[in-house]
Amino acid sequence: MKSAPDRRTPRWRAWLLLTPMIAWLVLFVVAPTAILLVYSFCERDEVGRVVFTFSLENYRRVFDPIYLRIFARSVGYAGLTTVICILAGYPVAYCIGRAREEWRHRLLLLLMVPCWTSFLIRTYAWITILKEEGLLNGLIRLVAPTATGFDLMYTPTAVVIGLVYAYLPFMILPIYGSVEKLDGALIEAAHDLGAGPLRVFSSVIIPLTLPGIAAGTLLVFVPAVGMFAITDLMGGARVPLIGNVIQNQFLVARDWPFGAALGAVFMGLFALTYWILLRLGAREEDPA
Amino acid sequence: MKLTRFLLPALLALFTVTNPARAGEELNLFGWSEYIPQGVLDGFTKETGIKVNFETYASNEELLSKLVAGGGSYDLIQPSDYTAEVMIRQKLLSPLDLAQLPNLKNLAPEFRHLDHDPDGRYTVPYMSGTVGIVVNTERVKTPIKGYRDVFTPAFKDRIVVLADPRELVTWAMFTEKLPINHVTPESLARVRPVVAEWVKLIKVFDSDSPKTALLNGDVDVGVVWSGEAAILWNENRKFQYILPAEGVPQFVDVLAIPATAQNKAAAHQLINYLLRPDVSRQISAAFPYTNPNAEARKLLTPEQLANPASYPPGHPKLTTFHDIGKAAADIDRLVTDLKSAR
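Listed in order, the protein sequences are those of chains A and B.
The first sequence runs 1 to 288 under our numbering.
The second sequence runs 289 to 630 under our numbering.
Same shape as in the complex, but just chain A:
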């Protein structure tokens, strides 16, 4: 007779089922990361081929104040984008989540429809809107012929507009997931116990939807830090963000080892942040 715990240890069949996922991870996560790490300690030759001689020069360069400032600026842009996405996305997600069943899917569909168009085309559409002789200023001049209009294109504001536009759905969807699961009885209970609308929102609704906000924050912040297309197209490639610098190392400067070192440090920073967040989360759940 077999004992119960024995049945819980995975057998070869279970491993077999996991094989595709493990193969996927090894092929597309572990192997590229390993290549990145190896390259980051190499040097380049005249035309940009990687030469396998051990060097720490790339890492020394990463911690040059220029690149640290670029790192900080990228985090700033991504942070601002995330905050705006939360402020703008939360009410939308809440309304969709609390809407009548048959409406919810239609509203979600409206959110998805723009994503069926290529991301680049949607970014170019923003250029048409924001350019000096564009739709926005045309509208302003129509209403107030004497107004000068905005000079938005190729400014940091344009970059943030582009980033918020691109990543807003990734904030709304996870929050929607949390809101949909929200138990109406808890809200009613809070009301019955004398909490005002503000109190209900801050002490009941927000904590219950926090997992959605956290997931949305990760989904928006991480890709926004590394984004380079929007800064090029809408920011006029004037002020480099870390994504631009890395892309530049691979495609223009032909300095793959340095690009790899930047990428490796970038990943390290994320791993560290994620680990700290996990620790904080664990402490909150278990104050002892």
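Hints listed in this document are in silico derivations from the structure and should not be mistaken for laboratory results.
One or more of the hints may lead you astray.
Unchecked claim - With beta-carbon atoms standing in for the labels, derived distance ranges: (1) B:Pro-441 <-> A:Thr-33: 22 to 32 Å; (2) B:Glu-464 <-> A:Gly-268: 33 to 43 Å; (3) A:Trp-24 <-> B:Gly-358: 17 to 27 Å; (4) A:Phe-119 <-> B:Gly-358: 23 to 33 Å; (5) B:Lys-393 <-> A:Tyr-59: 51 to 61 Å; (6) A:Arg-61 <-> B:Gln-550: 50 to 60 Å; (7) B:Ala-629 <-> A:Leu-142: 35 to 45 Å; (8) A:Arg-73 <-> B:Pro-441: 16 to 26 Å; (9) B:Gln-550 <-> A:Ala-271: 33 to 43 Å.
Every residue gets a Cβ at the ideal spot worked out from N, C-alpha and C, and that includes glycine.
Please build the complex by placing chain B on the supplied structure of chain A, with the hints as guidance.
Okay, now just chain B, sitting in the frame of chain A:
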């Protein structure tokens, strides 16, 4: 998506019917964006049955990095002269079989034996051009003669330039009267403060389509490829092209076959096709750079030949780039550094 899935097989079927002999043969072309009209490639496919897979890049560096990385197998590439020079030295190019290129005779003699490839064994000129200043004369009333007149505080945030570190640093070297092909730490130190000032004034860096910011009215002056300037002039005569007084970079973009090419026969066929006057004329119509093809120039309209950006009047002194080796990385670093400092 659905449309392409439906259309592609239909198109393929069409070509298979018209050209049963060469059906299925493919050619991988890696060229500049905004440089080869799709219609020309379609014409080639229609005549030969060879399907052209066309991929594009926006800088020589991008081409070089993809080529040495070994990603993708390209049969025909389109480097600029100074990049072809490195490629020849690094044995990245395959020698051409000139017997397969009878249309070479159409090229103007001054484009036959250029510095980067003196024997003409590896490269065939595709188009040539200059880098110069475009001015929106409706907005700018002061006379503009050179780089120094463009990069002034009066035009702060009204300037577009090529997103090309080598070009930017070269213009600064021209204004400082330094040799542009002999880049040393000292010469870079000399131009550093100049470029630092300029970077603060520039609104847009764009190599793909610098004309866009000018057309949209977001900027009033630009330092751009002559072909982009020629398109602007065709669009509206208010866009004037000026060859900078301090010095004019000239480039000759060439066709070449990488050493690793799989289908060299088809690559030769396409080069020869692109050298045909009637084909070359179509290229000039779409992208009005300076056409090195003397026979094709005879087919151009007087208006096309009068475009000052394509065919600058007189005999201006032009300077071509040469490979500068590792100094290219120093230039890139300098520009990244100065851009980040704003």
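Structure-based check of each hint:
Separated by about 47 Å at the C-beta atoms, Pro-441 of chain B and Thr-33 of chain A break the suggested range of 22 to 32 Å. Distance hint check for Glu-464 of chain B and Gly-268 of chain A: the Cβ-Cβ separation is about 41 Å, which falls inside the suggested range of 33 to 43 Å. Between Trp-24 of chain A and Gly-358 of chain B, the C-beta spacing of about 24 Å keeps the proposed range 17 to 27 Å intact. Look at Phe-119 of chain A against Gly-358 of chain B: about 28 Å separates their beta carbons, and that is inside 23 to 33 Å.
Between Lys-393 of chain B and Tyr-59 of chain A, the C-beta spacing of about 56 Å keeps the proposed range 51 to 61 Å intact. For Arg-61 of chain A and Gln-550 of chain B, the hinted distance range of 50 to 60 Å is not satisfied, since their beta carbons lie about 38 Å from each other. Separated by about 40 Å at the C-beta atoms, Ala-629 of chain B and Leu-142 of chain A satisfy the suggested range of 35 to 45 Å. A C-beta distance of roughly 25 Å is found between Arg-73 of chain A and Pro-441 of chain B, which places it inside the suggested range of 16 to 26 Å.
At roughly 42 Å, the beta carbons of Gln-550 of chain B and Ala-271 of chain A sit within the given window of 33 to 43 Å.
Hints 1, 6 from the earlier list are contradicted by this structure; the remaining hints agree with it.
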